[in-house]
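Student: So you can see what is in the structure, the chains are spelled out below.
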Amino acid sequence: MTDLTDSDQNDPEIGEAANSPDFPPPPLEQQERMVEAILFAATVPVTTRDLAARMPHGCDPAEAVAKLRQRYQGRGVSLERIGDGYAFRTAADLGFLMQSETIEHRRLSRAATETLAIIAYHQPVTRAEIEEIRGVAVSRGTLDQLIEMEWVRMGRRRMTPGRPATFVVTETFLDHFGLESARDLPGLSELRAAGLLEARTPDEPMRVPLVERDEDDDVDPDEPAEDLFEDD
Amino acid sequence: MTDLTDSDQNDPEIGEAANSPDFPPPPLEQQERMVEAILFAATVPVTTRDLAARMPHGCDPAEAVAKLRQRYQGRGVSLERIGDGYAFRTAADLGFLMQSETIEHRRLSRAATETLAIIAYHQPVTRAEIEEIRGVAVSRGTLDQLIEMEWVRMGRRRMTPGRPATFVVTETFLDHFGLESARDLPGLSELRAAGLLEARTPDEPMRVPLVERDEDDDVDPDEPAEDLFEDD
Amino acid sequence: MARSVKDVPYLTPVPDGPPKDEFDASAVAERRAEESLIVDVDGYEGPLDLLLTLARTQKVDLMKISVLHLAEQYLKFVEQARVLRIELAADYLVMAAWLAFLKSRLLLPPDPEAEGPSAEDMAAHLAFQLERLDAMRQAAARLMGRDRLGISRFQRGIPETVIRKRRTEWQAGLIDLMRAYARLKTRDEFRPYAFDRHDVFTMEQALERIRKMVGYAGEWTDLSEFLPEGWEGQGARRRSATAATFAATLELAREGRLEIRQDDTFSPITIRRRPT
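Residue numbers (the numbering used here), protein chains in the order written: chain A, 3 to 234; chain B, 3 to 234; chain C, 11 to 286.
Some clues are possibly wrong.
Unchecked claim - What the simulated footprint calls covered on chain A by chain B, stretch by stretch (three residues with Cβ under 8 Å from a Cβ of chain B suffice, anywhere in the stretch; the number is not a length):
no.: 1; region: 36 to 47
no.: 2; region: 70 to 80
Stated by the list, open to error - DEER-style ranges, computed between Cβ atoms:
no.: 3; chain 1: C; residue 1: Arg-92; chain 2: B; residue 2: Met-156; range: 39 to 45 Å
no.: 4; chain 1: A; residue 1: Met-100; chain 2: B; residue 2: Pro-27; range: 17 to 23 Å
no.: 5; chain 1: A; residue 1: Ser-111; chain 2: B; residue 2: Pro-26; range: 39 to 45 Å
no.: 6; chain 1: B; residue 1: Ser-183; chain 2: A; residue 2: Ala-55; range: 34 to 40 Å
no.: 7; chain 1: B; residue 1: Gly-60; chain 2: A; residue 2: Glu-106; range: 23 to 29 Å
no.: 8; chain 1: C; residue 1: Gly-126; chain 2: B; residue 2: Pro-126; range: 28 to 34 Å
no.: 9; chain 1: C; residue 1: Gly-155; chain 2: B; residue 2: Gly-164; range: 33 to 39 Å
no.: 10; chain 1: C; residue 1: Ala-134; chain 2: A; residue 2: Ala-55; range: 55 to 61 Å
no.: 11; chain 1: B; residue 1: Leu-190; chain 2: A; residue 2: Ala-54; range: 18 to 24 Å
no.: 12; chain 1: A; residue 1: Glu-106; chain 2: B; residue 2: Gly-164; range: 36 to 42 Å
no.: 13; chain 1: A; residue 1: Asp-62; chain 2: B; residue 2: Gln-125; range: 47 to 53 Å
no.: 14; chain 1: A; residue 1: Gly-85; chain 2: C; residue 2: Pro-169; range: 18 to 24 Å
no.: 15; chain 1: B; residue 1: Arg-108; chain 2: A; residue 2: Asp-62; range: 37 to 43 Å
What the hints assert, rightly or not - A few chain B positions that, by computed beta-carbon distances, are all more than 12 Å from chain C:
no.: 16; residue: Thr-49
no.: 17; residue: Arg-129
no.: 18; residue: Ala-130
no.: 19; residue: Val-138
no.: 20; residue: Val-170
no.: 21; residue: Gly-197
Hints were generated in silico from the structure; no laboratory data involved.
Note that the structure is a prediction, hence the values are computed from the model and not measured.
Cβ coordinates follow ideal geometry from the N, Cα and C atoms, glycine included.
Chain A extracted, bound-state conformation:
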């Protein structure tokens, strides 16, 4: 067993004599180190008075702070005056580094996907119409989510009783799905050609529409969305 003694003790030269008035103050360079350490570890900005109280007798914290400030000029952190005190702060131009972005990949819920599809294919479409097509009520959250994702936005109000709001897809949506316009969405015949329309399982329960379809007929004269799918 070799000797395992005091290799890790504090340097007595700085430490022990620190607060005795009988010793000369440490050199300015040491004072600078002290200020640096104190400011680094402090949880609040520290005034020169506080610094003086914590540093060995005879130190000149103001001078040390000034030197230190200079030293940090242009560095990644800077020594800033905050109120009466001083504290280290990240350089302002590097603020963008103080955020880390984690990207989380999530799949859209079935409700959201269907609602989005209906809006894309039928836009401008009212909520009631979406519900009619889906055969279930559309939760506020689903539309909110799509709007928040910036894939869907409100369109013009429908000029029918109650002036319901309509929903349309956005540029962001087109971007994401690589479409030039909503008209580029594949039509029913293409869906069928792609084998997507055969997907229905025979025992899937048929849903009774919530609302009568008729009300759709007289709606928006300039964009009858159904036209896109009149394939048969």
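Since the structure of chain A is already known, use the hints to place chains B and C on it.
Tutor: Here is chains B and C on its own, set in the frame of chain A:
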């Protein structure tokens, strides 16, 4: 940074183009500033991987860290390597200035410090081995406490009959004791040279008797590790 | 070094173990008092700890320790405890028995027939164990004496908040969209039976209707006269009703129940009951 006028705006040259692979990485000097800012802002060690993830595309954090480490040599704070990460810590010789920051540490029992040392020097080590070295059963509370302090964690199970769990020290342990890695434990090589770290499991009659407590008997190898610490 | 009960877990009375005997409450209390006495008195952390302490009194390098002497010291300690009527924890007694065995082996001339490790090997191993424990104690002390974080080294006091931006990237491809729409549309295709009743007049309906009416058509009558009520307007409903009715008349003509006539291309189609 000398000009701090537009303090709240990110520098578009650094910030905006930051993560585009189309832009050349910022000069090494800027990278050094970035590492400085990130490490200053953090309390826990940051790995070069994490640094790279937060810095603009194409940066070389390892090189920047090396330069920065040099720069802080002998300063009031130093850039320490801790496990896979790096962190700024105040210089150890200035600890005497920090009374106001000193955290009230829970005093570890002798059993806990000994167990900790055994885990650090013998890792990965099983509970039976710890008991063999100490000559007493290790109480659950001791290991629990060390695990709770995040100084010790479970390692892989030993591929021996019963597949006992092993214990290893953590990065938090290294950070706390100012070690770059477990290889830097004081006196490690001397202890090894003296044969005191060898796993020596003597034959039955040679073994100094250790009265097992019932609770420690026959840990089910398939039991989840946590069960080791459940109270009976 | 004074140690509290808490610091010496191994000597702390074991409350959860099964009682060795049935005690009444007062006996248990008495026993507990005795046990706490033990803990307060010795405070060794197990027999190995006690052995190490005893070994120190030999004032030699642990490598050169006399294990025989050590065994004697230990046995004397146990004996004293017995005299003082101090109840030692079981493992101290087990150790005593083992050391007594070792002592006798060390004193007797080696038996060449004996199997297993020699007494010297056992003694050497005990010395090794003591040295190892001692080394770990020193290592622990040295570890605790290092420049510890929060004691002599400090982390940043005002950590800057790293804004964790959680950006959710929604995974939805065109195919998902199409599939969703197809799902809805497939459902839709089965729906015409439900809602197309409004706009589609089926041939079956037309047949039933014409069968009833044809008896009244002795004269050539325009097909449009046979359109059901409410379907004679314009648009889809009229087209559907017309087509269905025309198909129905073709069927009835095939059955030989009526005749169909059209004077010219695009001129009105007329029907009448087939004269008998």
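Student: Now look at each hint and say whether the structure bears it out.
Tutor: Right, here's what the structure says about each hint:
1. 36 to 47: holds (count 9)
2. 70 to 80: Per the Cβ count (6), the hint holds.
3. C:Arg-92 x B:Met-156: 39 to 45 Å: For C:Arg-92 and B:Met-156 the Cβ distance comes to about 42 Å; the hint holds.
4. A:Met-100 x B:Pro-27: 17 to 23 Å: 19 Å Cβ-Cβ, so the 17 to 23 Å window holds.
5. A:Ser-111 x B:Pro-26: 39 to 45 Å: 42 Å Cβ-Cβ, so the 39 to 45 Å window holds.
6. B:Ser-183 x A:Ala-55: 34 to 40 Å: Holds: the Cβ-Cβ distance is about 38 Å, inside 34 to 40 Å.
7. B:Gly-60 x A:Glu-106: 23 to 29 Å: Holds: the Cβ-Cβ distance is about 25 Å, inside 23 to 29 Å.
8. C:Gly-126 x B:Pro-126: 28 to 34 Å: At 30 Å between Cβs, range holds.
9. C:Gly-155 x B:Gly-164: 33 to 39 Å: Once the Cβ atoms are compared, 36 Å apart, the range 33 to 39 Å for B:Gly-164 and C:Gly-155 holds.
10. C:Ala-134 x A:Ala-55: 55 to 61 Å: Since C:Ala-134 and A:Ala-55 have Cβ atoms about 59 Å apart, the given range 55 to 61 Å holds.
11. B:Leu-190 x A:Ala-54: 18 to 24 Å: Check failed, 42 Å falls outside 18 to 24 Å.
12. A:Glu-106 x B:Gly-164: 36 to 42 Å: holds (40 Å)
13. A:Asp-62 x B:Gln-125: 47 to 53 Å: Since the Cβ atoms of A:Asp-62 and B:Gln-125 sit about 48 Å apart, the hinted range of 47 to 53 Å holds.
14. A:Gly-85 x C:Pro-169: 18 to 24 Å: holds (20 Å)
15. B:Arg-108 x A:Asp-62: 37 to 43 Å: holds (38 Å)
16. Thr-49: holds (14 Å)
17. Arg-129: Non-interface label stands for B:Arg-129: nearest chain C Cβ at 14 Å, farther than 12 Å.
18. Ala-130: Per Cβ check, B:Ala-130 is outside 12 Å of chain C; nearest 14 Å; holds.
19. Val-138: For B:Val-138, whose nearest Cβ neighbour in chain C is about 3 Å away, the distance does not exceed 12 Å, so it is violated.
20. Val-170: Holds, because the least Cβ-Cβ distance between B:Val-170 and chain C comes to about 15 Å, which exceeds 12 Å.
21. Gly-197: violated (8 Å)
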